[in-house]
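S.K.: Produce the complete structure using the sequences and hints provided.
First to last, the protein sequences are chains A and B. So for the first sequence, the working numbering puts the first residue at 1; every next one is plus one. So for the second sequence, the working numbering puts the first residue at 1001; every next one is plus one.
A couple of the hints might just be wrong.
[As the list claims (entries may be wrong)] Part of the chain A face toward chain B, derived, beta carbon under 7 Å: (1) 328; (2) 329; (3) 363; (4) 367; (5) 372; (6) 506.
Simulated from the structure, these hints should not be mistaken for lab results. For clarity, every value in this text was computed on a predicted model and none was experimentally measured. Note that the Cβ used here is the ideal one computed from N, Cα and C, for glycine as well.
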Amino acid sequence: MSTASALPALRLRGISKRFGPLLANDDISLELARGEVLALLGENGAGKSTLVSILFGHYVADAGRIEVFGQPLPPGNPAAALAAGIGMVHQHFALADNLSVLDNVMLGSEPLWRPFSRRSAARRKLLDTARRFGLAIDPEARIGKLSVGERQRVEILKALWRGARILILDEPTAVLTPQESEQLFGTLAELIREGLSLIFISHKLDEVLRVSDRVAVLRAGRLVAERPARGTSRAELAELMVGRSVVAPTRTRREPGEIILAIDRVSTAADRHGMLDRASLEVRAGEIVAIAGVAGNGQEALAELACGLTAARHGRVAVSGEVLAARPRAWIARKVARIPEDRHAVGIVGDLPVWENAVSERLHTPAFSRFGWIRRGAARAFANALVARFDIRLSGIDVPTRALSGGNMQKLILGRALAVGGESAPLLIIANQPTWGLDIGAVAEIHRRLLDAAAGGAAVLMISEDLDEIMAIADRVAAIFKGRLSAALPVEQWTPASLGLAMAGDPVAPAEHADAA
Amino acid sequence: MRLEARSGTARTAQLVAPFVAVLFTLLVCALLVAWAGAPVGRTYALLFEGAFGSRFALSETLTRATPLILTGLAAAVAFRARFYNIGAEGQLYVGALAAVAVGAQGGALEALPPTLRFALMMLAGAAAGALLLAGPALLKVRFGVDEVVTTLLLNFIALLFVSMMLDGPMKDPLAMGWPQSAALDPELELSKLMARSRVHSGLVIACALALAMWIVERFTTFGFALRAVGANARAAAFAGLPVARTLLLGALISGALAGLAGVGEVAGRTSYLTLDMSPDYGYSGIVIAMLAGLNPLGVIVAAVFVASVLVGADSMSRSAGVPNYLADVIVATSLLAILVAGMFTRYRIRWNSR
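M.R.: So this is what it looks like as structure tokens:
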């Protein structure tokens, strides 16, 4: 770049973007200095993704302009954004599992009509880049064989290989263990030393304070605050983000009751969801047992087992001493409340109205149908009551459920699940990533409901990748690694470090480790 | 240029979209008419007159619409569960064949009372269509075999089977060597709705079935399961809905409706079965279902629309000299236009100024 070095790496001026009635970005002006880490903080729907999408050319702003190293960036042109040196690492990696690292890096960078690809030159360049930034990688390794942390490294390398000078990282630690996150922070420091500028999108406040130089807080489409990271606090940022102070619910110690869910040396068949390998676990009435682990270590298999979707291949699963058939209706009939991980793909049928989704699990019961005819009155009354009780914000129970925000959708699923026993409370709650992707307010709300349910005598099994969440509400915690469960120890006996090690399959017994810590 | 999701879809936009699409279609096809050297306005007037302009024209349109409603319903029900039944043509023919087997003059069942025999004939036609689709449905549910391939290819098998029967065991000995079945017992034929026309009570049955399907989809637990499985099978399975059973039952209903279309043609119009009985009614049913947005009541409207274009174009081509292939172009263009219009109710185009 020939421009003066005093110019900022990136300058946004008056960016506005409207989607129908929603003002997603409202006159946002921001600057990113060279070699700076700017954290973009905000709840879901605050406008972070829209802003980044405009920056990357996926959307065209209604108003405002962007300058990269002093040069105006043509709007709505991802190729121009790439050429100007903007690189993006998405939360959900855009990598082809069946191709090698080098193939993935080169993918889409060559014109289609070139008869031979210039692999060896690309390979040299990749190895050079990797060495310069201290990112060890084998160019010929298949993506499918790499760990999540390694895949993220490939994504970063891909951006660097294409000459990124400004790197946008979208929730980069969401999929990492604490140890992997540490490694990532090391890499980021290296990138800064090499003169890159970073935009770091996150809603984890500790991380933001640690990694960034400056924090920009978005709320409801507007830039509400810019703070140097050194001069602010967690509490201040949380309040700026939400616009009011948030009281996180707290756990009260309870005496657990009888064993509700008993999983005894269970193995499941290995499939695309991973597998369980001789896993044992007991969940008692009145307690919340959390399963901590990095995605893909068998959580999905455990959840499917505990939701009545699949059967154990070996071992025994019992609810209140009774082995149930692997049919969701059998579990629903036994008052097992189930919250799936993927609320859009599994939790609800997005095209159908809210009221039908509210009763979908129990539509076949006499409460909501008779001789195969839906009792619309009863079903709609139930849905309306649910909406009121769980404070679900919507314009009516006839809107397609897909129109709900993530938080409201999750409240609908939670409400439906907790109503599994009709008037009586659920016996067992299976909550898989119950607050994934939700904003602080909604998270507190979901946590409060789970704590209330446990206080009311329900046994709760929570599977989560969010250690803060686990530490906040769980009574006991077990780590899952490659389908094996560690002992479920009281939460006080774990430290983030010891739990991180257990999640990475460290053979050291967690109890000893905790004692040493 | 790119598509951007609209924040909300207005009801009026959804209602107006089909009409805009038909208008667009007529504009596009006007170019073809002009190309053929005919006056555009007069050609369309003739087309409309040929479809609705007289008692005869209207009766012909409704006659043509009758099987189209049933095949359209067959496609709409199956597609609703995201089960792509492309085999309505074959199901229609085996339905007709089964009807003839039960109801032909001189058959073994001639001794039964006509009412019972009529019911048996309907049932046999529906069952034959349903059974033909049961195979692909089971293969799909059990092994995940793609139903588009199996149902499409079954059409050829079904048609060749019917051809074999019409040239062999079920050939009418009095047909002077033509491959056609014996005629249906006159007592079993559907009554005419209008004197001196071909409209028969099959139209009433088809409309009643459309209404029934609309009620089933909207007000029954099976209908809910059908819609849920079609819209998101994983979520349906998680909620405990019987996904496989719903798919199977939906497929059986779809096949039965297509089989009934065949029964209606034999019992209402031709009275005997030949291999040229259906000018691709089964495939047109797919177009009609899509035009109707899979709504069972919309199927009636869409079927009458398609029938009117086909009948009107025949009459128009005789007087205006524009080939009646124009009908196919109109139907095809309107389908594309309606799909695009439906998309525009959900998305808008952004033109980037660079």
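S.K.: Could you run down the list of hints and mark each one as holding or not?
M.R.: Status of the hints after comparison with the structure:
1. 328: Hint holds; residue 328 of chain A Cβ to chain B Cβ min 3 Å, cut 7 Å.
2. 329: holds, 4 Å
3. 363: holds, 5 Å
4. 367: violated, 12 Å
5. 372: holds, 5 Å
6. 506: Hint on residue 506 of chain A: violated, closest Cβ of chain B at ~34 Å, above 7 Å.
In summary, the numbered hints that this structure violates are 4 and 6.
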